[in-house]
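Turn these sequences into a full structure, and let the hints guide you.
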Amino acid sequence: MKSKTNKILFYAVILLAGIFAPIIFPAYTFQLALLWMMILFALTWDILGGQMGYNSLGNILFFGAGMYICTIVQIGMYYDVAEYTAHFGAVKIDFTPYQYFSGLALGLVSAAIASLVFAVIFGWIVFGLRGPYFAIGTLGVAIAAGELVGAWDYVGGGGGISVPSYPGEPDDRALFFYALCFISAVSTFVFLKWLYSTRFKLALNAIRDDEEKAEAMGIHTNRYKTIAWSFAAFFLGISGGIFGNMTGFIEPLEVAFPTVTFGIFMVLMVLLGGKGTLWGPVIGAVLFHLIKEITWTYLLGWQWVALGVLIIINVVFFQQGIMGWVQDKWPDLFGISVDSVMAAGEEENSTKEVA
Amino acid sequence: MRNIIEVRGVNKSFGGVVANHDISLDVQTAKITGLIGPNGSGKTTLFNSIVGFHPIDSGTIQFGGHEISKIRVQKIARLGMLRTFQQTRIYTEMNCVKNMLISAAHHKTGWFDMFRKYPQELTERAEHLLEFVGLFSKRNLISGDLSFGQQKLLEFAMALMNEPKVLLLDEPTAGINPTLINGLIDRLKRANQEFGITLFVIEHNMRVVMNLAESIYCLAHGEMLAKGTPDEIKNNQNVIDAYLGAH
Chain A
250 MKSKTNKILF
260 YAVILLAGIF
270 APIIFPAYTF
280 QLALLWMMIL
290 FALTWDILGG
300 QMGYNSLGNI
310 LFFGAGMYIC
320 TIVQIGMYYD
330 VAEYTAHFGA
340 VKIDFTPYQY
350 FSGLALGLVS
360 AAIASLVFAV
370 IFGWIVFGLR
380 GPYFAIGTLG
390 VAIAAGELVG
400 AWDYVGGGGG
410 ISVPSYPGEP
420 DDRALFFYAL
430 CFISAVSTFV
440 FLKWLYSTRF
450 KLALNAIRDD
460 EEKAEAMGIH
470 TNRYKTIAWS
480 FAAFFLGISG
490 GIFGNMTGFI
500 EPLEVAFPTV
510 TFGIFMVLMV
520 LLGGKGTLWG
530 PVIGAVLFHL
540 IKEITWTYLL
550 GWQWVALGVL
560 IIINVVFFQQ
570 GIMGWVQDKW
580 PDLFGISVDS
590 VMAAGEEENS
600 TKEVA
Chain B
344 MRNIIEVRGV
354 NKSFGGVVAN
364 HDISLDVQTA
374 KITGLIGPNG
384 SGKTTLFNSI
394 VGFHPIDSGT
404 IQFGGHEISK
414 IRVQKIARLG
424 MLRTFQQTRI
434 YTEMNCVKNM
444 LISAAHHKTG
454 WFDMFRKYPQ
464 ELTERAEHLL
474 EFVGLFSKRN
484 LISGDLSFGQ
494 QKLLEFAMAL
504 MNEPKVLLLD
514 EPTAGINPTL
524 INGLIDRLKR
534 ANQEFGITLF
544 VIEHNMRVVM
554 NLAESIYCLA
564 HGEMLAKGTP
574 DEIKNNQNVI
584 DAYLGAH
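Going down the list, the sequences are from chains A and B. The numbering used here numbers the first residue of the first sequence as 250 and each following residue consecutively. The numbering used here numbers the first residue of the second sequence as 344 and each following residue consecutively.
Simulated from the structure, these hints should not be mistaken for laboratory data. If you're wondering where the values come from, they're calculated on a predicted model, not measured in any experiment. A hint or two may mislead.
[Said to hold, decoys possible] Below, a list of computed lysine to aspartate or glutamate pairs in the EDC-like style, where the Cα atoms sit at most 16 Å apart:
{"id": "1", "chain 1": "A", "residue 1": "Lys474", "chain 2": "A", "residue 2": "Asp458"}
{"id": "2", "chain 1": "B", "residue 1": "Lys570", "chain 2": "B", "residue 2": "Asp369"}
{"id": "3", "chain 1": "B", "residue 1": "Lys418", "chain 2": "A", "residue 2": "Glu464"}
{"id": "4", "chain 1": "B", "residue 1": "Lys418", "chain 2": "A", "residue 2": "Glu460"}
{"id": "5", "chain 1": "B", "residue 1": "Lys508", "chain 2": "B", "residue 2": "Glu349"}
{"id": "6", "chain 1": "B", "residue 1": "Lys418", "chain 2": "A", "residue 2": "Glu461"}
So, in structure tokens, the structure goes:
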């Protein structure tokens, strides 16, 4: 049972590192919080993109929807939203700690549930599409959502909304949001670890490998697809709510529905780490975030070029990603091996086949 | 019930191409029925119509006394009618055991069953069936890495795992080496006798279909050309003409 204690030790080290990292490196608290959020992005994208083989380019939709819903609930509980957004900048409204935290709690819950409902509704529309059409269809939905929100004055339109400010010291604020990011990413991981141990995962994999066959075998494919997407939406909705509060100001194109940055990063992180695995997205997200921050710091001006080179190398030479490569290299570790003991009656077949 | 599948006057066209014209046939319960015909005679189209893969233009299809011509693939599969594909279709990136587990019958599964783990009995049954088709030692390999013949056997085992009432097999021996074919015929017969599964088989290999089926239908140019016992079909002049191209 040595491997089991090793496993527990491994998880404990990660959890402790997660808890103490912002205390040891206080200057990097925001970056570390963002790292956990990236891990959450990658994990939720992989549910469809890796496990189910549906490459969604529009998952950012739920991030933005969650962000807006959370903010509107936070404001709407104590003020008139239309008035608040219309007076933006003119009046500074302070929320009491009770108002702030109760609003945030209810906001995050509403964001999660509303995103889940959106996934069910949009899933009903876009799951008729397959392959590249699904990718473009979802991208279209996300871009349309950004444009629609931008044209909606009630939520501030293209001008955005300033999110209620945290009632406390900046350092406490940073730690508070770090904790939220940390908890939501770890919860997502734990939830998916459980989900992937059930028959749900096999159904998703079956849809990925051959959806027509899965239908012919009587699997409720639409049910699985919709539920899988709504799980992704649920956690993305929460992350959107948290991120909106972290940045303090939200607007539709750059912050809430950033299809070309976060929306694409989710995909890249999973491709880098290895899709269809539990740890691949986590490893990919950590590595990607490191590379991104390093190039943004030391190669400023060339950072997008560096990122482009990384994408090309990844897609051309390293399609299986890190976890996929490990599995190809050491298949025995994953239990992929021929059983040396032959069952009765099998010998005749295999010898016949050789002959 | 004597006939588990009853097809009456089925028509199916793709644009101007008439794939099936006024087809009627019966598949007897717990028997093995064969379907033969030259390439392009409409056999696979008829299979697709029966399992609900595409809608039919007119006619009726009954399965166990229920009209199924308006029902879609997944629901028909859950009623207990499964088909295998001409181009073998398995879940190529999963190992054999997982291929088997996910093929277990879905007609009883409710919403919460989606999030259950597989019980030990099911894994045992999967392994038992893999042993039945001779893939036990390969059970942990990724199924896409198996040879074509082994993939066909796996697809057959997956169908058995689903415990269907009727199994429609589209060319089960195509691409399998001749020595393995005997083993496969034997297994098909055992599936029919031991598990009581009705088989309806498209087959080009005359030796196989004559050996296997108790009654045979022959299609040509989308129309029903002949039906009868293997001996009657063998000696039917129309069938011989259709196969030798005397038109």
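Structure-based check of all given hints:
no.	hint	result
1	Lys474/A <-> Asp458/A	14 Å, holds
2	Lys570/B <-> Asp369/B	10 Å, holds
3	Lys418/B <-> Glu464/A	9 Å, holds
4	Lys418/B <-> Glu460/A	15 Å, holds
5	Lys508/B <-> Glu349/B	14 Å, holds
6	Lys418/B <-> Glu461/A	13 Å, holds
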